[in-house]
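Enquirer: Here's the letter readout for the chains.
2 protein chains.
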Amino acid sequence: MPYELFYWPGIQGRGEFVRLALEAAGADYVDVARGHGPGQGVKAMTALMAQAPGPFAPPFLRDGAVLVSHVAGILGYLGPKLGLAPVDEAMRLYAQGLQLTITDFVAEVHDTHHPISTALYYEDQKAEAKARATAFLDHRLPKYFGYFERALAGNPAGSAHIVGEQLTTVDLSLFQCWVGMGYAFPRAFADADARWPKLSALAASVARLPAIAGYLASDRRLPFNEHGIFRRYPELDRAAG
Amino acid sequence: MPYELFYWPGIQGRGEFVRLALEAAGADYVDVARGHGPGQGVKAMTALMAQAPGPFAPPFLRDGAVLVSHVAGILGYLGPKLGLAPVDEAMRLYAQGLQLTITDFVAEVHDTHHPISTALYYEDQKAEAKARATAFLDHRLPKYFGYFERALAGNPAGSAHIVGEQLTTVDLSLFQCWVGMGYAFPRAFADADARWPKLSALAASVARLPAIAGYLASDRRLPFNEHGIFRRYPELDRAAG
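One line per chain: the protein sequences are A and B, in this order.
If you read the first sequence in our numbering, its first letter stands for residue 24, the second for the next number, and so on.
If you read the second sequence in our numbering, its first letter stands for residue 24, the second for the next number, and so on.
Calculated from the structure, these hints are not laboratory results.
All values reported here derive from a predicted model rather than from experimental measurement.
Be careful, since some hints might not be right.
If chains are identical, the list can't say which one is meant, so a pair holds when it fits in one copy or spans any two.
Stated by the list, open to error - Below, computed lysine-lysine pairings styled on DSS-like, alpha-carbon distance capped at 30 Å:
1) Lys66 <-> Lys166
2) Lys104 <-> Lys149
3) Lys221 <-> Lys66
4) Lys66 <-> Lys149
5) Lys221 <-> Lys166
6) Lys153 <-> Lys66
7) Lys149 <-> Lys221
8) Lys221 <-> Lys104
9) Lys66 <-> Lys104
10) Lys153 <-> Lys104
11) Lys153 <-> Lys166
12) Lys149 <-> Lys166
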């Protein structure tokens with residue numbers, strides 16, 4: 024029985040953090056809302072959301088009788104099953120903390136283009152978006168990526184992975200944050216390899232994993248676009264440094 | 024060995040969601056950063072944060088060799104130990120999804136007074152805060168609280184609790200969101216009892232729990248103030264409806 028992932032079709036968005044874990048593990052899964060057969064498509068997703076109790080928002084994952092929502096929740100559930108989580112409890116909880124920190128980071132990236140309201144178009148909050156994006160690039164990005172860089176440097180097992188000596192969902196999610204930033208803010212991110220060398224090396228090593236390289240080259244990997252979390256609006260970008 | 028909670032002293036903030044769980048269960052805990060003895064105070068907290076690997080931000084909880092961060096992470100860890108989580112796995116994951124939805128709600132409440140940057144004072148982003156608060160009250164609050172109300176109505180075990188037939192950390196957190204909204208937006212929230220009657224009844228029943236009533240009357244319960252998540256800025260409030 025394949026895992027069933029439910030997420031908006033047409034964007035990487037938050038669903039991509041789950042896709043990367045499923046793909047890295049070679050798991051059998053269906054991307055339900057992107058399908059067109061019976062029981063597939065967006066309607067199958069919104070029908071589940073209309074149930075009470077149902078999930079608040081995509082992404083969510085169904086595994087038999089279990090329905091689990093939110094990126095960190097889904098990855099906390101899948102990690103041990105896919106061999107992408109530490110076995111030791113203290114380490115697993117540390118990885119969970121990193122994953123929840125990534126959740127916060129992703130929400131802040133989203134708000135660089137929607138600082139006032141998700142009910143308004145970007146074009147209707149452009150000035151505020153410029154102010155928020157500038158504050159994000161000046162203060163928040165260095166705070167988050169500096170933290171992940173220190174966590175990599177402080178990993179007693181070495182900086183090939185952020186937790187322990189094996190690939191976890193956190194490594195995969197950091198890869199997505201890294202390439203997402205490079206897409207959305209290419210000018211501000213131009214010196215990223217020098218600023219956060221261990222994070223840069225981690226992202227590169229994830230991209231080289233055969234399962235991930237195969238996925239990135241496939242049509243299952245949607246391109247970045249201006250409907251997702253990481254959006255390229257040149258007017259929000261600025262010179263590096 | 025008592026649980027050690029680490030959070031900024033002087034505010035309820037995100038730490039309060041953890042305090043409510045510890046208090047409801049009558050757990051033995053130390054609110055480390057509020058203490059003044061050896062190994063206590065804010066310095067004890069920031070020392071742990073300076074470690075790599077350490078937590079990104081408060082709140083975090085230490086339980087012997089385990090360090091767990093983020094409200095949803097801490098409550099996911101404590102819930103089963105304190106008897107405040109469903110035993111059934113599917114139900115526990117559903118409760119986790121609700122808890123993570125509350126995390127998102129709390130972040131949005133915070134951004135009503137800081138929509139541009141946490142590095143700026145509220146006074147320097149007041150106009151943007153008014154726009155974001157209005158959008159929050161118009162669109163986001165009804166979306167979240169409407170969802171929780173439907174979840175209560177849809178609970179097969181009845182609407183005395185949001186998951187199953189026993190008190191969980193989610194009930195306690197919803198109480199905090201409810202009283203927080205009443206503090207921050209008293210005018211907009213004036214008709215809340217009529218709009219979300221089951222949520223209102225849940226909040227009232229949590230406040231009547233002997234352990235919680237005792238806590239709320241104690242000096243361990245800090246008052247709401249304009250440094251926390253829920254802030255009363257009358258200019259951000261508006262008439263109900």
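Enquirer: For every hint, state whether the structure bears it out.
Expert: Evaluated hints:
{"no.": "1", "hint": "Lys66 <-> Lys166", "verdict": "between (40 Å within a copy, 20 Å between copies)"}
{"no.": "2", "hint": "Lys104 <-> Lys149", "verdict": "neither (43 Å within a copy, 47 Å between copies)"}
{"no.": "3", "hint": "Lys221 <-> Lys66", "verdict": "between (42 Å within a copy, 29 Å between copies)"}
{"no.": "4", "hint": "Lys66 <-> Lys149", "verdict": "neither (32 Å within a copy, 40 Å between copies)"}
{"no.": "5", "hint": "Lys221 <-> Lys166", "verdict": "within (15 Å within a copy, 41 Å between copies)"}
{"no.": "6", "hint": "Lys153 <-> Lys66", "verdict": "neither (35 Å within a copy, 36 Å between copies)"}
{"no.": "7", "hint": "Lys149 <-> Lys221", "verdict": "neither (34 Å within a copy, 39 Å between copies)"}
{"no.": "8", "hint": "Lys221 <-> Lys104", "verdict": "within (28 Å within a copy, 37 Å between copies)"}
{"no.": "9", "hint": "Lys66 <-> Lys104", "verdict": "within (28 Å within a copy, 39 Å between copies)"}
{"no.": "10", "hint": "Lys153 <-> Lys104", "verdict": "neither (42 Å within a copy, 45 Å between copies)"}
{"no.": "11", "hint": "Lys153 <-> Lys166", "verdict": "both (19 Å within a copy, 27 Å between copies)"}
{"no.": "12", "hint": "Lys149 <-> Lys166", "verdict": "both (24 Å within a copy, 24 Å between copies)"}
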